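Engineer: Residues per chain are reported as follows:
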Amino acid sequence: MEAFAQYLIAVLNLGSIYALLALGLVVVFGLLGFLNFAHGDLMALFGYCLLFQTLWGVPFWIAVPIAIVFAGLCAVAMERIAFRPLRGHSPMTLLITSFAISGALHVIFQITISPRSKPIPIPEILSGYITFGDVFIGRAQIFTIIVAVGSLLALRYFLANSRLGVALRASAADFDVARAMGIRANRVIALAFFLSGVLAGVAALLWISQRGAVFPTLGLTPMIKALIAAIIGGLSNPKGALYGGFFLGALEATLLNVLSDDLVVFRDAAVLLILVFFLVFRPNGIIATNPEPMR
Amino acid sequence: MLKVQDLDVRYGAVAAVKGISFEVAKGELVTVIGANGAGKSTTLNAVMGLVPLSGGEISLNGKSLARVPVENRIGMGMSYSPEGRRVFKTLSVLENLKAGGSTLAKSKTEARIATVMDRFPTLRERRNQDAGTLSGGEQQMLAIARALMTDPEFLILDEPSLGLAPKIVSQVFDIIAELREAGVTILLVEQNVKKSLAVADRAYVMELGLIVKSGPAHEMSDDPDIHDSYLGAAA
Ligand SMILES: Nc1ncnc2c1ncn2[C@@H]1O[C@H](COP(=O)(O)OP(=O)(O)O)[C@@H](O)[C@H]1O
Ligand SMILES: [Mg+2]
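Residue numbers (the working numbering), protein chains in the order written: chain C, 102 to 396; chain B, 3 to 237.
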C-alpha cells in the first residue's frame with residue numbers, strides 16, 4: 102500500500118512536468134505544424150531570470166511569477182524574431198531554425214552567464230517530507246502536483262471559455278478558415294507562443310524546485326522527454342499531450358520500480374524503444390485528429 | 003458590389019485561373035458553375051484573400067482588396083462558407099458560432115447566436131456537441147450559420163450542397179433563396195447546376211480556368227450546350 106502510494110506520487114510528479122512541457126509543444130505545433138526544439142531553453146530562461154532576481158534580493162515567491170511571465174515573453178520574442186520571418190516556409194525549415202535557436206541560446210548562456218551549474222536557493226517549505234501514516238511524500242512533489250493540476254485546469258478554462266482561447270482552438274483546427282472569420286493570425290500565434298513559454302516556465306519552476314540549480318542545457322533532458330510524450334500522445338491534440346505526459350511518467354516510474362539496480366541504466370533505452378513502437382504502429386499517437394495547420 | 007478583373011492565379015507551374023473578369027451587383031445571386039478542377043474554388047479563395055493573386059484586380063464596393071489581408075475582409079461585410087464545410091471539428095457548435103463572430107463586439111455575440119440559431123433550430127439542440135460529430139447536412143448548416151454570424155452583406159458559398167442527401171440539398175437551396183430575399187448579395191459555386199440556376203439571377207460557366215459563358219440564369223438553363231454538358235446526364 103505504501104509502495105503503491107509512493108509509486109502513484111512518482112507517476113503524478115514526473116507525468117505532470119512532462120505533460121506541461123508537452124502541452125507547450127503541442128499548442129505551437131497545432132498552429133504551425135512544427136516542434137519547437139528551443140522549447141526546453143525557455144526553462145533555462147525561466148531559471149536564469151529566477152536566479153538573477155534572487156541574487157538581487159527579490160523574494161522567491163515574487164520572483165517566480167515574474168520569471169514565468171518572462172519565459173512567456175521570451176517565447177513571444179522567439180516567434181517574432183526567428184519564426185515569423187519564415188512564415189509560409191515548410192515546417193521542416195522551422196524545425197531546423199528551432200535547433201539553431203536552441204544551440205545559440207546554449208552558447209549565449211555559457212558565455213554571458215556561466216557554463217557551470219548555478220545554485221538557486223529553494224524556500225524551506227519545499228524541502229523535506231510530509232508523512233501520511235507510513236507514507237513519506239516529498240513536499241516538492243506535492244507542490245509539483247498541485248501547481249501542475251492547477252495550471253492545467255486554468256489552461257483548460259482559458260481555452261474553453263475565453264474569446265482568445267476559442268480563437269486559438271479554431272485556428273488550430275483550421276487556420277485558413279479561422280482567418281477568414283477575422284481571427285488574426287499574428288495575434289493567435291503570439292498567444293500560442295506566450296502560453297507555451299508560460300507552460301515551460303511553470304514546468305521549470307517544478308523541475309528546479311526539486312533540483313535547486315540552473316545551467317545552460319537545463320531544458321534539454323525534460324524537453325526530449327516532453328517530445329517523446331507529445332509524440333506518444335498525438336501532436337495534434339492538447340489531450341494527447343496530457344495522456345502522453347502521464348503515460349511517460351507512469352512508464353518511467355514503473356521501469357524504475359521493476360528494473361533491478363544493474364538494469365536501471367537501460368531505462369531511457371526502454372523508453373525510446375516504446376517511442377519507436379509508437380512511431381511504427383501508431384504514428385499519430387494515442388489521440389489522432391486531423392487538423393489543418395497553416396500553410 | 004464585387005468586381006473582378008483579369009484575375010490570374012497560379013499554383014507554381016499550374017495556372018488555375020487564367021485572366022477571368024466578372025461582377026456581382028448588390029443584392030444579386032450569382033452562380034459559378036463548371037466541372038471539377040475548373041478553378042471555381044480558386045476564384046473564391048482569391049476573392050477571400052486566401053490565395054495570392056498572380057495578376058488582376060479585385061475590388062469590393064469600389065475599394066481595391068489588393069492590400070486587405072484576409073482577416074480584415076470580414077469587417078468589410080464579406081463572409082465565406084468553404085468547400086467541404088470545414089467546420090472546426092474539435093469545437094462545439096456554439097464555439098464554432100462564436101469563432102464565426104470573432105469580430106463582433108462581445109455584447110452583440112449572444113444576440114447574434116440566438117438569431118442564427120432561430121434559423122437553424124437543429125444547431126440549438128446540438129449546441130454543446132462537437133462539430134465533428136454532426137452529420138454532413140448539419141455540418142453544412144453550421145458552416146452557413148457560422149458565416150452568417152456577422153450578418154454579412156456579401157456571402158460566398160463554395161459547393162454547399164456537395165455530398166448531401168437530396169432532401170437536405172433542397173433545404174440548403176431554400177436557405178440560399180431566403181438569404182437572397184433578405185437582400186444578401188451571394189456568390190455561389192455549385193455542382194448542382196439545375197438547382198443553382200433555378201435560384202440564381204446570373205451565372206458564369208468556368209472551364210479550365212476561363213469563363214466560357216455568362217448570362218441570366220434562366221437563359222442558361224435553356225441553353226442547349228449547358229444542357230448537354232451539365233444538365234443532360236444529371237437531370
Ligand atoms: N493548393 C493547390 N495547389 C496546387 N494546385 C491546386 C491547389 N488547389 C487547386 N489546385 C489546382 O487548380 C485547379 C483548379 O482547382 P479548383 O479551384 O479547386 O477547381 P474547382 O473548385 O473548380 O473544382 C485544379 O487543376 C487543381 O488541381
Ligand atoms: Mg471546388
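Just so you know, the hints here were simulated from the structure itself, not pulled from any lab data. Where hints are given, some of them may not hold.
[Said to hold, decoys possible] Derived lysine-lysine pairs resembling DSBU-like cross-links, with alpha carbons at most 35 Å apart:
#1 B:K91 - C:K340
#2 B:K215 - B:K108
#3 B:K197 - B:K65
#4 B:K5 - B:K197
#5 B:K65 - B:K108
#6 B:K215 - B:K169
#7 C:K340 - B:K110
#8 B:K108 - C:K340
#9 B:K110 - B:K28
Please read all numbers here as calculations on a predicted model, not as lab measurements.
Engineer: Does each hint hold? Answer for all of them.
Structural biologist: Status of the hints after comparison with the structure:
Between K91 of chain B and K340 of chain C, the direct Cα distance comes to roughly 15 Å. Compliance with the 35 Å bound is thereby established for this hinted pair. Using a Cα cut-off of 35 Å, the hinted pair K215 of chain B and K108 of chain B is violated, with the two alpha carbons roughly 45 Å apart. Among the hinted pairs, K197 of chain B with K65 of chain B is consistent with the structure: their alpha-carbon atoms are about 32 Å apart, no more than 35 Å. The straight-line distance between the Cα atoms of K5 of chain B and K197 of chain B is roughly 25 Å, inside the 35 Å bound, and the hint therefore holds.
Under the criterion of a C-alpha separation no larger than 35 Å, the hint pairing K65 of chain B with K108 of chain B is consistent with the structure, at around 28 Å. For the hint pairing K215 of chain B with K169 of chain B, the CA-to-CA distance comes to about 30 Å; that is within 35 Å, so the pair holds. With a CA separation close to 32 Å, the supplied pair K340 of chain C and K110 of chain B stays within the 35 Å bound. Straight-line distance between C-alpha atoms of K108 of chain B and K340 of chain C comes to about 28 Å, which keeps the hinted pair within the 35 Å bound.
Restraint check for K110 of chain B and K28 of chain B: satisfied, since their Cα atoms lie roughly 26 Å apart, inside the 35 Å limit.
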